[in-house]
Amino acid sequence: MAHGHLIPAVDMAKLFASRGVKTTIVTTPLNAPLFSRTTRKHSSGRAEILTRTLDFPASRVGLPDGCENLDFISARNLGWGAVSKFFKASTHLQESLESLLDQDRPDCLVADMFFPWTAESAAKFGIPRLLFHGTSYFALSAGAAVAAHEPQSRVSSDTEPFPLPGLPHEIRLTKRQLPPSAVDFMSEFFGRVRETNSEGYGTVVNSFYELEPDYADHFRNALGRKAWHVGPVSLANADVEDKANRGKQAAIDQDECLKWLGSRERNAVVYMCFGSGSNFGAEQLREIAVGMEASGQQFVWAVRGGQDDSWLPEGFEERTKGRGMVIRGWAPQVLILEHPAVGAFVTHCGWNSTLEGITAGLPMVTWPVSAEQFYNEKLVTEVVRIGVRVGAEEASVYGVTVESGKVERAVRRIMSTGDQEVEDMRRRAKGLGEMARKAVEEGGSSYNDLSSLIEELKLQRVASG
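Per full-length UniProt numbering, residue 1 is the first one in the sequence shown, and the count goes up by one each step.
Distance condition first, Cα-Cα at most 27 Å in a straight line; then the derived DSSO-like pairs of lysine-lysine:
#1 K41 x K458
#2 K259 x K321
#3 K226 x K124
#4 K438 x K226
#5 K175 x K406
#6 K458 x K22
#7 K430 x K259
#8 K458 x K124
#9 K406 x K430
#10 K438 x K41
#11 K124 x K88
#12 K458 x K438
#13 K85 x K175
#14 K226 x K22
#15 K22 x K124
#16 K438 x K22
#17 K22 x K41
#18 K226 x K458
#19 K321 x K406
#20 K85 x K124
Restraint-style ranges between C-beta atoms, simulated for each label pair:
#21 N221 x K41: 32 to 42 Å
#22 K430 x F125: 42 to 52 Å
#23 Q103 x K41: 20 to 30 Å
#24 E423 x R105: 51 to 61 Å
#25 P313 x Q103: 48 to 58 Å
Read the hints as simulated data drawn from the structure, not as lab findings.
Everything numeric in this text was worked out from a predicted model, so none of it was measured.
Each residue gets a CB set at the ideal place from its N, CA and C atoms; glycine is no exception.
Working from the sequences, and respecting the hints, build out all of it.
Structure, rendered in structure tokens:
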């Protein structure tokens, strides 16, 4: 569907395989090469990771040939209409998937949230269906509160804050910060997604208990949902090669990147990336560049590929030469975040990036753009308190939403010394990073939850004959 969903799904396959579970990744022909190298490597261990492909019917719904994931749509500015067509096209995969299920007869189906029709497919073959949302317990709980209570209907403007009822913390949002599914865009489709949440066997969550215990308990107990946390799944990538090859081919040589970082002092560099789905226009990119230059900080900035350089302020790269690196395209993000030279992360608050920053033990500057990212910002800044808001107030992929002065102030603050609040953020972030790694080790909370899930599925198989 999107790189933000594909990457953790592949990591999860590695986790299952590491426990001796034969795993098959079902994808489309153009998405398969994104992870073929890593699946081949990990198939030589305790169990195989197979890849099966289903032809994606893009042309059948009026999409261009080659449109097999949402990043294709975002990169070409095809708009929300194309997104709607994409989800419609995905429903035509049902017959092909069911043919595959009939051949392979798996013991379990793990399905992305964007494929609600898989509930019917799993039921047809009598196998448990696990949902994978690719986000946190907090975001799942916040989304459930909005869906159940519709608090946004009780405010008079798009900018008036309202509380989300029933959550363990007082969380306030505005209409402009809600995911499109909670407002009006494709409401019928997302309504079906919500309906099938309760039709599955349970939910697999890329998180760890120590990060959000109140929300893990809330989701499972107050909302009555079966769930298992198995993250951070990025830690399934243990060596440099795995980390460098996670997702697309990096636009920079990993050795060159690591050499540059290795020449910097500890905690001296800001890493900045806004994800594969964000598509800032030239004006917004220019504001970021001006703000970063004015901050005086050293930085690595991953800019989406395909942009021309017209947005760059004249002389920017010359003036920042020696203290800044601009990566035009895919960056080896986990490698960069884990490097000792990196001291903070400017992020769009996509869950993969957020959790990777947490796992690296870094404080963050939060800049949500769309989807559930404003929920994730609340978790980072108000619940675990390891982040500074840049000041984005509404979901927006295009246009200038944050001026250079806000970028400069937020970056200066997160990198400052002597600010006790920021020092406390660093301390908390470091502690969470240590807890994240312990969670996936033998005896850790995520290790144990994955063990429980596998054992339960084995019992389910025996019971079903």
